[in-house]
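S.K.: Listed here are the chains, written in short residue letters.
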Amino acid sequence: MSGFDKVVSSYEEALAGLEDNMTVLAGGFGLCGIPENLIKEIRRKGTKGLTVASNNAGTESAGLGLLLEDKQIKKMIASYVGENALFEAQMMSGELEVELTPQGTLAEKMRAGGAGIPAFYTATGYGTPVGEGKEVREFNGRQFILEEAIHGDFAIAKAWKADRFGNLMFRKTARNFNPMAITAGKVAVVEVEEIVEVGQLDPDEIHLPGIYVHRLIQGTFEKTIEQRTVRSA
Amino acid sequence: MALTREQLAQRVAQEFQDGYYVNLGIGIPTLAANYIPAGVQVMLQSENGLLGMGPFPLDEEVDADLINAGKQTVTMIKGASLFSSAESFAMIRGGHVDLTVLGAFEVDCQGNIASYMIPGKLIKGMGGAMDLVAGADNIIVTMTHASKSGQSKLLSECTLPLTGKGCIKRVLTDLAFLDIEDGKFVLRERAPGVSVDEIVKLTAGELLIPDSVPEMVL
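Protein sequence lines correspond, in order, to chains V and G. Just so you know, we're using our numbering here: the first sequence kicks off at 1 and counts up by one. Just so you know, we're using our numbering here: the second sequence kicks off at 1 and counts up by one.
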């Protein structure tokens with residue numbers, strides 16, 4: 001076993017150390033590319049009081065929505081929560097704190113978190129509720145607001161393929177927030193469809209180097225489709 | 001007659017130019033992809049991380065890993081590329097997208113747009129809309145001119161929480177195509193069969209009417 005071998009043997013081990021009131025960054029867009037088995041493990045563990053940053057909150061029956069049923073999430077940082085009535089009900093009643101964050105800002109907050117940038121200026125949200133209370137600065141005649149980086153005690157993410165060192169490849173639009181979430185997690189846990197031996201991935205085709213990955217596990221995935229839309233031949 | 005959703009999409013698509021990278025929001029904007037003019041090639045950007053979005057898949061082509069920003073299954077055209085959300089918004093914020101089309105609840109003659117929440121009623125979130133309106137120079141807002149009860153959605157000042165401030169210059173409604181210039185709506189085109197008077201009645205914000213306001217050609 002190499003010190004670079006990131007593979008763990010169970011989902012329990014993958015999330016060992018995750019405790020109540022921690023912050024978790026989760027990859028996925030809608031239900032596409034979500035770490036579905038890691039979410040189920042959090043549900044099984046019953047960890048509570050979590051702050052979760054993820055673009056969406058899943059649906060009532062899939063993804064992060066599963067953690068809402070048992071009220072495991074205290075605060076959600078997301079850009080779009082329209083597909084989940086349970087989410088809306090908990091938000092309206094005040095049980096669930098929500099920080100609506102523009103999608104690009106959320107992606108950049110995670111990217112910055114992983115890249116050692118404490119904050120950045122963006123025009124996104126200036127003059128809107130998102131910009132309230134934030135520092136405003138003018139550059140080249142335009143107003144920008146200061147947004148701070150985000151870090152996770154844990155990151156949970158899904159990739160397509162990995163080698164044992166945690167070098168990752170993603171597939172199609174299942175990439176989305178996964179790479180940034182991983183880089184900003186103090187403990188970055190990634191589940192994949194396939195783990196290959198070291199040397200089997202072309203270094204030129206690795207989307208995210210294993211340096212960012214701490215724990216790796218192979219799983220099987222349901223890949224629920226939210227909006228199955230087809231055309232006729 | 002007010003434009004139908006399809007006619008709105010058709011009129012928007014007339015703004016597509018060959019070689020444009022275009023981001024189309026959910027709803028009517030997405031329909032515009034069905035009316036790309038002959039001889040014009042556009043590359044559709046889907047902010048979840050795809051440039052070169054194709055039509056919906058055939059049943060046997062459906063791939064759970066390939067969706068658009070509305071979470072619908074899609075396909076890719078030849079020449080497509082895939083990337084992360086950070087990369088996607090770098091191209092949006094960085095002004096690399098040539099045209100953005102999105103919907104709204106309200107716009108006002110200061111170029112403000114409200115599209116993501118109705119306090120106490122509807123909280124869906126802004127998704128990528130705030131980044132899109134802040135990052136793009138060339139934006140068309142598609143919306144209905146007034147509510148079903150006849151309340152104008154083209155206001156002197158938005159009443160709902162803003163998605164973006166001072167960033168909208170063109171609005172296409174079911175009744176008219178308007179520019180926003182110097183704090184006023186400017187009536188550029190009318191929907192076929194819709195009179196200037198009807199538009200005036202349903203526009204709450206200050207409206208400038210040029211000498212000639214042609215009908216849209218669809």
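Please keep in mind that the hints were generated in silico from the structure rather than gathered at the bench. There may be inaccurate statements among the hints.
[Stated by the list, open to error] Selected chain G positions facing chain V (in silico; Cβ < 8 angstroms):
| # | residue |
| --- | --- |
| 1 | Tyr21 |
| 2 | Ala38 |
| 3 | Val40 |
| 4 | Asp59 |
| 5 | Ser84 |
| 6 | Ser85 |
| 7 | Gly94 |
| 8 | Gly95 |
| 9 | Gly103 |
| 10 | Ile123 |
| 11 | Met126 |
| 12 | Leu160 |
| 13 | Thr163 |
| 14 | Gly183 |
| 15 | Lys184 |
[As the list claims (entries may be wrong)] Covered stretches of chain G, going by a simulated chain V footprint (3 or more residues, C-beta under 8 angstroms):
| # | stretch |
| --- | --- |
| 16 | 4 to 17 |
| 17 | 206 to 216 |
The structure presented is a predicted model; accordingly, all values stated were derived computationally and were not measured. We put the CB at the ideal spot given by N, CA and C, even for glycine.
S.K.: The structure should be examined with respect to each hint, and the outcome stated for every one.
M.R.: Now the hints, each set against the structure:
1. With its C-beta approaching chain V no nearer than about 16 angstroms, tyrosine 21 of chain G sits outside the 8 angstroms limit, and its interface hint is violated.
2. Hint on alanine 38 of chain G is violated. Least Cβ distance to chain V is approximately 20 angstroms, over the 8 angstroms limit.
3. Restraint check, valine 40 of chain G versus chain V: the minimum CB separation of about 21 angstroms is more than 8 angstroms; hint violated.
4. Restraint check, aspartate 59 of chain G versus chain V: the minimum CB separation of about 5 angstroms is within 8 angstroms; hint holds.
5. The restraint placing serine 84 of chain G at the interface with chain V holds, with a minimum CB-CB distance near 5 angstroms, inside the 8 angstroms limit.
6. Interface hint at serine 85 of chain G: satisfied, since its Cβ lies 4 angstroms from the closest Cβ of chain V, which is below the 8 angstroms cut-off.
7. About 10 angstroms separates the beta-carbon of glycine 94 of chain G from the nearest beta-carbon of chain V, more than 8 angstroms, and the hint is not met.
8. Below 8 angstroms, beta-carbon pairs count as interface contacts, and glycine 95 of chain G has none with chain V, the closest being about 10 angstroms; its hint is therefore violated.
9. Below 8 angstroms, beta-carbon pairs count as interface contacts, and glycine 103 of chain G has none with chain V, the closest being about 13 angstroms; its hint is therefore violated.
10. At a threshold of 8 angstroms, the smallest CB-CB gap from isoleucine 123 of chain G to chain V is about 7 angstroms, leaving the interface hint in force.
11. A cut of 8 angstroms between beta carbons decides the hint on methionine 126 of chain G: the least distance to chain V is about 5 angstroms, and the hint holds.
12. Annotation: leucine 160 of chain G was flagged as interfacial toward chain V, and the flag is violated, the nearest CB pair being 10 angstroms apart, outside 8 angstroms.
13. Interface restraint check: threonine 163 of chain G against chain V, minimum CB-CB distance 6 angstroms, threshold 8 angstroms, status holds.
14. With a cut of 8 angstroms, the hint placing glycine 183 of chain G at the interface with chain V is violated, because the nearest CB-to-CB distance is about 15 angstroms.
15. Of the supplied interface hints, the one on lysine 184 of chain G is violated, with its beta-carbon coming no nearer than about 19 angstroms to a beta-carbon of chain V, more than 8 angstroms.
16. Given as covered by chain V, the stretch 4 to 17 of chain G fails the check, having 0 residues with a CB less than 8 angstroms from a CB of that chain where 3 are the minimum.
17. Three residues within the 8 angstroms Cβ limit are the bar, and the stretch 206 to 216 of chain G against chain V gives 0, so the coverage statement is violated.
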